[in-house]
Amino acid sequence: MWRWLHPYAKPEATFALTQKLIPWFALPGIILVLVSLVWGLAFAPPDYQQGESYRIIFVHVPSAMWAMGFYVGMAIMGVIALVWQIRTAELAILAIAPVGAVLTFISLFTGAIWGQPMWGTWWVWDARLTAQLILLFLYLGVMALYVAFEDERAGAKAASILAIVGVINIPIIHYSVYWWNTLHQKSTVTRAITRLEAPSIAPEMLWPLLVSILAMLLVSIVLVLMRLNNEILRREIHRPWALAELGITLDSSAKAHNDAEKKNVEKKGGADAV
Amino acid sequence: MNPRRKKRLIMTSSILVGAAFATGLVLYALSQNIDLFYTPTEIVEGKGDAEIKPEVGQRLRVGGLVVPGSVRREGSGLTVSFNLIDVGPAEITVEYEGILPDLFREGQGIVAQGILTDANRIAASEVLAKHDEEYMPPALAEALKGIQHVPPSQQNNSSDYNQGYNQGYNNNEAAEESSGGGYDR
Numbered sequence: 001m002w003r004w005l006h007p008y009a010k011p012e013a014t015f016a017l018t019q020k021l022i023p024w025f026a027l028p029g030i031i032l033v034l035v036s037l038v039w040g041l042a043f044a045p046p047d048y049q050q051g052e053s054y055r056i057i058f059v060h061v062p063s064a065m066w067a068m069g070f071y072v073g074m075a076i077m078g079v080i081a082l083v084w085q086i087r088t089a090e091l092a093i094l095a096i097a098p099v100g101a102v103l104t105f106i107s108l109f110t111g112a113i114w115g116q117p118m119w120g121t122w123w124v125w126d127a128r129l130t131a132q133l134i135l136l137f138l139y140l141g142v143m144a145l146y147v148a149f150e151d152e153r154a155g156a157k158a159a160s161i162l163a164i165v166g167v168i169n170i171p172i173i174h175y176s177v178y179w180w181n182t183l184h185q186k187s188t189v190t191r192a193i194t195r196l197e198a199p200s201i202a203p204e205m206l207w208p209l210l211v212s213i214l215a216m217l218l219v220s221i222v223l224v225l226m227r228l229n230n231e232i233l234r235r236e237i238h239r240p241w242a243l244a245e246l247g248i249t250l251d252s253s254a255k256a257h258n259d260a261e262k263k264n265v266e267k268k269g270g271a272d273a274v
Numbered sequence: 001m002n003p004r005r006k007k008r009l010i011m012t013s014s015i016l017v018g019a020a021f022a023t024g025l026v027l028y029a030l031s032q033n034i035d036l037f038y039t040p041t042e043i044v045e046g047k048g049d050a051e052i053k054p055e056v057g058q059r060l061r062v063g064g065l066v067v068p069g070s071v072r073r074e075g076s077g078l079t080v081s082f083n084l085i086d087v088g089p090a091e092i093t094v095e096y097e098g099i100l101p102d103l104f105r106e107g108q109g110i111v112a113q114g115i116l117t118d119a120n121r122i123a124a125s126e127v128l129a130k131h132d133e134e135y136m137p138p139a140l141a142e143a144l145k146g147i148q149h150v151p152p153s154q155q156n157n158s159s160d161y162n163q164g165y166n167q168g169y170n171n172n173e174a175a176e177e178s179s180g181g182g183y184d185r
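So the sequences go chain by chain: A and B. Reminder that position 2 of the first sequence reads as 2 in full-length UniProt numbering, one-by-one numbering, no gaps. Reminder that position 155 of the second sequence reads as 155 in full-length UniProt numbering, one-by-one numbering, no gaps.
Just so you know, the hints here were simulated from the structure itself, not pulled from any lab data. A quick note: this is a predicted structure, and the numbers were derived from the prediction, not measured. Take these hints with a grain of salt, some might be off.
Covered stretches of chain B (in silico footprint by chain A; criterion: 3 or more residues with CB under 8 Å from a CB of chain A, positions within the stretch not fixed) [as the list claims (entries may be wrong)]:
| # | segment |
| --- | --- |
| 1 | 3-10 |
| 2 | 27-41 |
| 3 | 45-58 |
| 4 | 69-80 |
| 5 | 122-132 |
Once the Cα atoms are required to be at most 30 Å apart in a straight line, the calculated BS3-like pairs of lysine-lysine come out as [to be verified]:
| # | chain 1 | residue 1 | chain 2 | residue 2 |
| --- | --- | --- | --- | --- |
| 6 | B | K6 | A | K157 |
| 7 | B | K53 | A | K10 |
| 8 | B | K47 | A | K186 |
| 9 | B | K7 | A | K186 |
| 10 | A | K10 | A | K157 |
| 11 | A | K10 | B | K47 |
| 12 | A | K20 | A | K10 |
| 13 | A | K157 | B | K7 |
| 14 | A | K186 | A | K20 |
We put the beta carbon where it would ideally sit given N, CA and C, even for glycine.
The whole structure should be built from the sequences, with the hints applied where relevant.
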């Protein structure tokens, strides 16, 4: 496996791979988002208790689930960055963190607008909601630590450590509704994995929910890969392969030509100098 | 694996294990304070191994199921009182003046925040509804649980709240089979 993975320590190999992968995630992702939203919002039956209001589940559950999933992914990248000191893994942390933070925010926001009509409150400091809020702060902390150092590698190291330590919060979020009494109800879908109980949701609601979970995953992966590619390009912009990728030819004569033209434009003081 | 990587891997794992251990101890120490609410049994019989009972005048939350038949409305105002129960036999009476959440029903899980005015009586300032993790269409719920859902928009006015609870998801259907309703959990 190591022999197979090793080439991707090289940023350009990762770049080429993700560039190839993005369309394979993007197209099914967009289609499944549309399918799950139409299926969930228009065709799934209303709930016996909550009527139509429960339909926000098709956004709330996928975003909350992948907010945690991407955090685990980020922590794994943190371990790789610390132990094997692979540059691409450091950049992956930078790519994942904002996407995960947005997913966490979506889950908190949709939870609040779901809680207001059903529970009667936007927010309550119960264990589940508080732990999810801490997850948002962890993501923001990783992003802030990464750029808080003069030396970027040092920042990446600090951010990796925070990402790894913060992974403790993930089981706390999941089990908070079992360990303590909370206003938030217990797990509906993931308990199939963590507690080996059948999902407590009717099949005609479960299927669109599973599709929306898959759709959210694919779209988030696309965003992470696109961010990763941008970060790789930004760090490698001086390398020949990156310039070739961007369609810039920098043989010496062309460079001289460019410079001369630039000087001319500056002399004229043209506003259209780009 | 070369020795330097091995050392770093051991360092990283020990940081994680150490932090997890510390967090575990903190959560264990705080475990009873992280609970959002007391159950009626915990208020009457005391909470935890030490069986600590909350004092009269203490501000707290209580969570339990609304005892069917215990909902009383006073006059035509917003004042309402009901009993909460968990595993029984302890019951807590909640008095509340205000608008109840849409999900408030007999048999529903409720979390009420307020001041303990007597050993088993709470003057609530906020009543929140708790729902379970089960989602199903109304027809299936009726077949499985015998619960008939009344959307808030179709709910009758407060004076005959209890009849309104027994009516069906659709008022027309309910007229034909009003005896089939009721809560049997």
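Hints and how they fare:
1. 3-10: Three-residue rule met by the segment 3-10 of chain B, so holds; n is 3.
2. 27-41: holds (count 7)
3. 45-58: violated (count 0)
4. 69-80: violated (count 0)
5. 122-132: Coverage by chain A holds for the segment 122-132 of chain B (7 residues, Cβ < 8 Å).
6. K6/B - K157/A: 17 Å, holds
7. K53/B - K10/A: With a Cα-Cα distance of about 63 Å, the restraint between K53/B and K10/A is violated, given a limit of 30 Å.
8. K47/B - K186/A: 22 Å, holds
9. K7/B - K186/A: Violated, at roughly 41 Å.
10. K10/A - K157/A: 19 Å, holds
11. K10/A - K47/B: Distance ~58 Å between K10/A and K47/B Cα, so the pair is violated.
12. K20/A - K10/A: Satisfied, since the Cα-Cα distance of roughly 16 Å is no more than 30 Å.
13. K157/A - K7/B: Status holds; Cα separation ~16 Å.
14. K186/A - K20/A: 40 Å, violated
Hint check: violations occur at hints 3, 4, 7, 9, 11 and 14; the rest are consistent with the structure.
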